[in-house]
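**Student:** Spelled out, the chains give:
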Amino acid sequence: MIGIENIIFLIVAAVGIGLFVWQIRKIRKNILLGRDTDLADNPSERINKTLLVAFGQQKMFKRMLPAVLHLFVYVGFIVINIEVLEILIDGIFGTHRVLGFVGPLYSGLMAINEILAALVIIACVMFLWRRNVTKVPRLATGVEMRAWPKMDANVILITEIVLMLALFVFNIADLKRVLLAGEEVVGAYPISQFFVDAFGNDPDQLYVIAKVGWWFHILGILAFMNYLPSSKHFHIIMAFPNVYYSKLLPKGKFTTNPAITHEIKAMLDPSYQPPAPEVDAEGNPVVQRFGAKDVEDLTWKQLMDAYTCTECGRCTSVCPANITGKLLSPRKIIMDTRDRMEEKGEHPAIFAPNHYKEMGVERVQTTEQKELLRGYITPEELWACTTCNACVESCPVNIDQLSTIMDLRRFLVLEESAAPASLNAMFTNIENNGAPWAFPASDRFNWAEDLYVPSKN
Amino acid sequence: MEENRRLVKVPTMAEMAANGEEPEVLFWVGCAGAFDDRYKRVTRAFVQILEHVGVKYAVLGTEESCTGDPAKRAGNEFLFQMQALTNIEVLNAYNVKKIVTACPHCFNTIKNEYPDLGGNYEVIHHSTFLQQLINEGKVKVQGGEAFKGKRITFHDSCYLGRANDIYEAPRDVLAALDADLVEMKRSRANGLCCGAGGAQMFKEPEPGKKDINIERTEEALATLGAGNGVIATACPFCMVMMNDGVKNKEQEESVKVFDIAELIAQAEGLSK
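The listed protein sequences derive, respectively, from chains C and S.
Numbering follows UniProt numbering, with no gaps: position 76 of the first sequence is 76.
Numbering follows UniProt numbering, with no gaps: position 169 of the second sequence is 169.
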């Protein structure tokens, strides 16, 4: 029985999904601002990693309480989506609980759904509590945790609670209506059954309430979906590709620039023939920039990192520089990259957050430069990094904060010769003495003098 | 006393090559191992162990040069590659196949970053090397009971641990000592940096509340508790930072910082 309501639903759903696809294309375009890098190797190892870290949430479990709460929301999200699928079918074709034909399986599914929905509400309330009442430091503090990111987090949690409540309203009203009509109950509702009298006994009123709950839930989901691209909550999509494309090599292996290798080889050996320089579509040689000063100097994977970040702050909370009061916050590096990308490229439909351009007293002295370096991220932050990889290790979605920090540092040194004076002195020592300290190379073997070992027998 | 010990003549690659010989393993000393007064003692302890077990080893001597690690971490890729390509030329000329080093920074650089530039070697860190010697029974640590009841906490080096996933080797080496091994809260993959990595060793820290090595030393001292204890390290930079931290806390009388090679050399009766 397809009526006007179904047609309205179809239009609303199509607009919602269309708008979402349109936003995804913008984000894809932003990510493709980045330099190319080949990460198609070792698919089986990558799939394993994705199963463990993304699907299996392996790295979340470094911190038990948030891991368990997050698991409720994560599993809830996946399972409840099955009901959303049913809602879509019901909405389009005017059916009622169309998947009900699978019988006991459906009952089980609905029962799990209700329990998960309750757990999602509990988890979200606890998350709100942690953010706003106990103010867990990594969630509540840091120069990058300004008005927008804090509000974003609360918007997500409150929306999830409201969506789950709408689901309960629908289930409760629908169950009561079915019971009053003496129809057979399709599915099992372990939580709603305790609230069947919440909305009175008027079948017409119950019908309306169920409809409102149903519409609210589905409209809410469509709206929330379109909020994602503007939000840290986008990680629910990006976590999977980001983990898949994450680094398989030892964390200590930093990238090597082959253009520099050719240059040095040509210097050391005049007969060395470097390969022909890369040319662009018009045949002009591509000017190679060493290091990164803006988003297009980073790779697409580094830009993807920025869209994957859910601003949990685990990286910053384990960063030795941040712990000891330095400006550096790995989370800020990633959030800045996203902001700069959206300033330079496209921005999603709803918000162009520009988080850090809000007014506030802080020590990060950015300039008006429309570039990632200095306009967002200052040399002081970059030089505070010990390259210890604690941020990379801590990230539940395998973001490589360090690689971005290093590329920005490289630009400072290779293109601007803007290293701190003491580091320049160290470079000079290496050039002259083959050691970072000012000792003559001829003394290098002096340690071996007057060395004894006990003679055997 | 004099009859009971012999003078060590540390063999160089140049001498070996002149005699048409090749060592089993090249000991890459590193700049700290060659020049830092405190860390030279670690180099010497490690050579004593090599001599003691009779491994056929050699060093490059004055032909060794910085791997380029501090330049690379500081962003100077050009200087890094300059050093790397020059070192690779020397190593390849001597047909080096296996390298052992006590420095996690040299280890990481040669093992992970030299292959892209034409330097392919089997590179092992001295913690793994010592672990193998102990497992093979070549180092028996018969003096290990001297450490009985002594509290030792191992400070993970970032470039050994997170950078290369080596957490157990140095702990296995320490376990041979019969000491009371205690772990800091932040250890292994969650270990806190000493503050020297990423070329921080060669510059002043940025403005902040505290120096990183102080934060880490406080944690180590709290873990060791009152009384004598040892902070064990496996990296020259960590050693400098932890030593400075212990001095800053005026605990140098009761808490000593040792490299794992020094502890093994002591337990083996090779050095005091």
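Think of the hints as simulated: they come from the structure by calculation, not from any bench.
Careful: at least some of the hints might be erroneous.
[Claimed, not checked] In silico lysine to aspartate or glutamate, EDC-like type, Cα no more than 20 angstroms apart, as pairs:
| # | chain 1 | residue 1 | chain 2 | residue 2 |
| --- | --- | --- | --- | --- |
| 1 | S | K40 | C | E380 |
| 2 | S | K148 | C | E449 |
| 3 | C | K265 | S | E89 |
| 4 | S | K209 | C | E380 |
| 5 | S | K140 | S | D116 |
| 6 | C | K62 | S | E89 |
| 7 | S | K9 | C | D450 |
| 8 | C | K253 | S | D116 |
| 9 | S | K40 | S | E22 |
| 10 | S | K98 | S | D36 |
**Student:** So, against the hints stated earlier in the document, which numbers end up violated here?
**Tutor:** Hints 1, 2, 5, 6, 9 and 10 contradicted; others consistent.
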